[in-house]
Amino acid sequence: MSASGQPGRPFDGYLAELTAQLPGPARARAGIMAELRSGLLDAADAYRSAGLPPAEAALAAVAEFGDPAQVAAGFRAEIAAGQARRVAVSLLVTGPLVGLLWIVTAAASHLSAGPALGWHWAGPIPGLGVGICLVAAAAGVTAWGALAAIAATGRLTRWLPARPRRAPAAAAVAGYGAVCADGLGLVLLAAGLATLPGKLALAPAAGAAVASLARLLLAGRAARHCLRLRASLA
Amino acid sequence: MRAETLKGHLDGILLAVLEPGPRHGYAIMEALRVRSGGQVDLPTGTVYPALHRLERAGLVEASWSAAGGRRRRVYRLTPAGRRALDTERITWRDFSAAVTTLLEPAPLAVTSP
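Residue numbers (the numbering used here), protein chains in the order written: chain A, 9 to 242; chain B, -1 to 111.
To be clear, the hints were calculated from the coordinates, so they are not data collected in a lab.
If a hint is listed, it holds; no wrong ones were tucked in.
Covered stretches of chain A, as calculated for chain B (at least 3 residues, CB under 8 Å):
| no. | stretch |
| --- | --- |
| 1 | 44 to 58 |
| 2 | 70 to 78 |
| 3 | 85 to 94 |
| 4 | 154 to 167 |
C-beta: ideal position from N, C-alpha, C; glycine also.
Okay, chain B solo, but in the shape it has when bound (with noise of 0.2 Å):
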């Protein structure tokens, strides 16, 4: 999946793959590309301005860690991502719904004799 067909939905998916715990942004990459099954595969570099604009937004917060002797950007989900999510969850849910019943072929018109 290209990051086109991404496109808008990419903050959500950032956010979910957080919900479970605080990750660095390879992490989140990785994360990324397990969750999905190899579908999302993104340039990880574009992952990075996404989560900063995430932050910006005041639905994740980073603070830097030194686990393991390399210093590296930790991102955890704000009270505010978390309620983001759950809307774009229903959301997401409303509207694929709605998608896949209109992308089903359509049943033949079934008429009394």
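This is chain A alone, in the form it adopts within the complex (with noise of 0.2 Å):
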């Protein structure tokens, strides 16, 4: 870094040095380095005023930010608070939604099928039984993650201080439950399909297969980039 006249200069260095140690796109780093601009300004402001001339006032402002490695670690564990805690909650507002599109589906196919469908799917579709306990279990799971990410990362802290690794590791579980979930569920439409041609809705059918795998895709793709972020923490 050298000591250019221009005051900026050394900002930006510093700060392009610490911004490529944060995940993320640049959009969710611009606050964070904006803030900080705006600091290392008032740092060097009050270099000069303390009589340093402007290219010095500018390095000595960026000596007392200390190493951007210091400080990039701690804004990672922000970023991954934030990303986890986002995952968490669309997880729990997609889960019931999608859940209740298989629910109008199951009823949809129960009405055009006739009465009691409920009790003879599981003798038609093998496994049906066991298959919606899994998708029960893994719902669960999904749900156990989001709101342990969400506790991890919210007002609680103030009384439970959760280490930063464990908010990214709950989303990430929570989101591989979800991947469980809407898989089971497209798996047992499939053996719906295979041994029951005709009697399922398939317009619902349709919806819910779309929303499930729509879901499946972004949950496992969530969980992945959470898995990535925990890592990155120390």
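If you follow the hints, you should be able to join the two separate chains into one complex; please do so.
If you want it as structure tokens, here you go:
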């Protein structure tokens, strides 16, 4: 870093080094960078008021802010917490919506195929009862992981301080739970189509399948992202 | 006083610095130095993630302000932050009083002749 005459220059280098160590899109880091830049300008002002020439004041400000790796590590924990929380909230919101689509599908199929279908489904579709239990278990894991991630990132941290790696880990568990729940739902649908041709209500089934597939893909991506964020924390 | 020594108390210290009124990041750092008589000297950059963590916990709230031609993120205590500061003060007083007593040289055993 050279002591150029423009006070902005050392800041650019410092902030570039810092931002390179933060995950996620530049847009998400823009607020952090703007805040740090205004802090660096304030620090340089203070050194100038104390009598340093502008270039030296800028360098002193950068030195005062400390090792960019250390500052970046602090922000990585914050970014991971924010991301984990967003993933957890979206899984908690979309879970019941997608579940509702499957219930509508089952109910519509029920109507078109006669009463008490829930019971004789278990016969024609092999393993339906077990499948539904597995979906429920996966949904339970999702909800548990999501709630744990929310607890580790929100106001509860006032009383229960959480280690930074816990929130992204819990969000990843929730994400993979959703992948399992939605994947199993699709497998059950495929089994239903194979063994009960013509008996399933196709329009709601298609809607539920598309919703589950979209959620599966997004949840899988979010879970992998959360695992990467977790790995980036000390 | 280095960062490791302060570990675990930085949150309370930041809340105390914000108690008199809202401040932006660099002003918080300056107040920290002045109030500690220069004893506290953290890398200034590390104060910002700590402030963001306090914001996430709902103990402070932040907003951008453009006073003086420079946009700055200004932090202020929330009611929960004020309560957390009170708790931190009581805990610290009890703890420091106990440790001070324990670290004093033990009085010589007084035995009656």
